[in-house]
Amino acid sequence: MEKDIFNINKNQLSYGRGYVYSLQYHLVWCTKYRKKVLKDGIDLECKKMLQDLAEEYRFQILAMEVMPDHIHMLVDCRPQFYISDMIKIMKGNLARQMFLLHPELKKELWGGHLWNPSYCAVTVSDRSREQVSAYIEGQKEKEKRKL
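Each residue of the sequence shown is one higher than the one before, starting from 179 at the first, in our numbering.
Treat the hints as calculated values from the structure; they're not laboratory data.
Some hints could be false.
[Said to hold, decoys possible] Below, simulated DSBU-like cross-link-like pairs (lysine-lysine); rule was C-alpha separation at most 30 Å, straight line:
hint, residue 1, residue 2
1, LYS226, LYS213
2, LYS322, LYS214
3, LYS214, LYS284
4, LYS318, LYS266
5, LYS217, LYS285
6, LYS266, LYS320
7, LYS324, LYS213
8, LYS284, LYS322
9, LYS284, LYS225
10, LYS322, LYS213
11, LYS226, LYS322
12, LYS320, LYS217
13, LYS269, LYS324
14, LYS225, LYS322
15, LYS213, LYS266
16, LYS322, LYS269
17, LYS213, LYS284
18, LYS318, LYS285
19, LYS213, LYS225
20, LYS318, LYS225
21, LYS320, LYS284
22, LYS322, LYS217
23, LYS214, LYS225
24, LYS213, LYS269
25, LYS225, LYS210
26, LYS210, LYS285
27, LYS266, LYS225
28, LYS320, LYS225
29, LYS226, LYS210
30, LYS266, LYS217
31, LYS285, LYS322
32, LYS226, LYS266
Whole structure, please, built from the sequences with the hints as guidance.
Okay, here's the thing in structure tokens:
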């Protein structure tokens, strides 16, 4: 018998009160003017802040890489979240905390904005999750090869 392509592995499902879901998104957003300011330890601070936000808002970060001028994330979130609200929360909180911890960033990013207003959100299937995760985790190596 042919394999049922619509059969979802129970371990990859999440359960809420009255619903079952599997929602993953590959998210990417850039710094304003693509300025390379997320480096020299600031990248690690961003990762920590994003992990804290994930815990607070109850979504899961499956993969993440903070590049000097952009952030890649693979997230799993509840169906109650609007992805636009989730990104607004992450970008807003990160910018506020970064400017408090590193006021020198405002000098490099005239206008007082850390992020470009745009973002990319792509749904991820069970079949492509490992590929997206490997792509995100390989970003630093890819950047090193460019130099």
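Cross-check of the supplied hints:
1. Annotation: proposed proximity of LYS226 to LYS213 holds, straight-line Cα distance about 21 Å (limit 30 Å).
2. Restraint check: the Cα-Cα separation between LYS322 and LYS214 comes to about 14 Å, which is no more than 30 Å; the hinted pair holds.
3. Pair hint LYS214 plus LYS284 holds up; C-alpha atoms about 13 Å apart against a cutoff of 30 Å.
4. With a C-alpha separation of about 25 Å, the suggested pair LYS318 and LYS266 falls inside the 30 Å cut-off, and the hint holds.
5. The suggested pairing of LYS217 with LYS285 holds, with an alpha-carbon distance near 16 Å, which does not exceed 30 Å.
6. The hinted pair formed by LYS266 and LYS320 meets the criterion: a straight-line CA distance of about 28 Å does not exceed 30 Å.
7. Note on LYS324 and LYS213: the hinted pairing holds, with a Cα-Cα distance of about 17 Å set against a maximum of 30 Å.
8. Note on LYS284 and LYS322: the hinted pairing holds, with a Cα-Cα distance of about 27 Å set against a maximum of 30 Å.
9. Only pairs whose Cα atoms come within 30 Å are accepted, and LYS284 paired with LYS225 is accepted, the gap being roughly 20 Å.
10. For the hint linking LYS322 to LYS213, the alpha-carbon distance of about 17 Å falls within 30 Å, and the restraint holds.
11. Annotation: proposed proximity of LYS226 to LYS322 holds, straight-line Cα distance about 23 Å (limit 30 Å).
12. Taken as a hint, the LYS320 and LYS217 pair is honoured in the structure, with Cα atoms around 16 Å apart against an allowance of 30 Å.
13. For the given pair, LYS269 sits about 27 Å from LYS324 by alpha-carbon distance, which is consistent with the 30 Å threshold.
14. The straight-line distance between the Cα atoms of LYS225 and LYS322 is roughly 19 Å, inside the 30 Å bound, and the hint therefore holds.
15. Of the supplied pair hints, the one linking LYS213 and LYS266 holds, its CA atoms being roughly 20 Å apart against a limit of 30 Å.
16. Between the alpha carbons of LYS322 and LYS269 the distance comes to roughly 26 Å, so the proposed pair stays at or under 30 Å and holds.
17. A distance of roughly 11 Å separates the Cα atoms of LYS213 and LYS284; the hinted pair therefore holds under the 30 Å criterion.
18. Distance restraint check for LYS318 and LYS285: the Cα-Cα separation of roughly 26 Å lies within the 30 Å cut-off, and the hinted pair is therefore satisfied.
19. Among the hinted pairs, LYS213 with LYS225 is consistent with the structure: their alpha-carbon atoms are about 18 Å apart, no more than 30 Å.
20. Restraint check: the Cα-Cα separation between LYS318 and LYS225 comes to about 14 Å, which is no more than 30 Å; the hinted pair holds.
21. Between LYS320 and LYS284, the direct Cα distance comes to roughly 28 Å. Compliance with the 30 Å bound is thereby established for this hinted pair.
22. With a C-alpha separation of about 13 Å, the suggested pair LYS322 and LYS217 falls inside the 30 Å cut-off, and the hint holds.
23. For the hint linking LYS214 to LYS225, the alpha-carbon distance of about 16 Å falls within 30 Å, and the restraint holds.
24. For the given pair, LYS213 sits about 16 Å from LYS269 by alpha-carbon distance, which is consistent with the 30 Å threshold.
25. Annotation: proposed proximity of LYS225 to LYS210 holds, straight-line Cα distance about 18 Å (limit 30 Å).
26. The straight-line distance between the Cα atoms of LYS210 and LYS285 is roughly 12 Å, inside the 30 Å bound, and the hint therefore holds.
27. With a CA separation close to 16 Å, the supplied pair LYS266 and LYS225 stays within the 30 Å bound.
28. Among the hinted pairs, LYS320 with LYS225 is consistent with the structure: their alpha-carbon atoms are about 19 Å apart, no more than 30 Å.
29. Of the supplied pair hints, the one linking LYS226 and LYS210 holds, its CA atoms being roughly 21 Å apart against a limit of 30 Å.
30. A hinted pair counts as satisfied when its Cα atoms are at most 30 Å apart, and LYS266 with LYS217 qualifies at roughly 22 Å.
31. In summary, the hint linking LYS285 to LYS322 is supported, as the alpha carbons are separated by about 27 Å, within the 30 Å threshold.
32. Note on LYS226 and LYS266: the hinted pairing holds, with a Cα-Cα distance of about 18 Å set against a maximum of 30 Å.
Checked against the numbered hints above, the structure breaks none of them.
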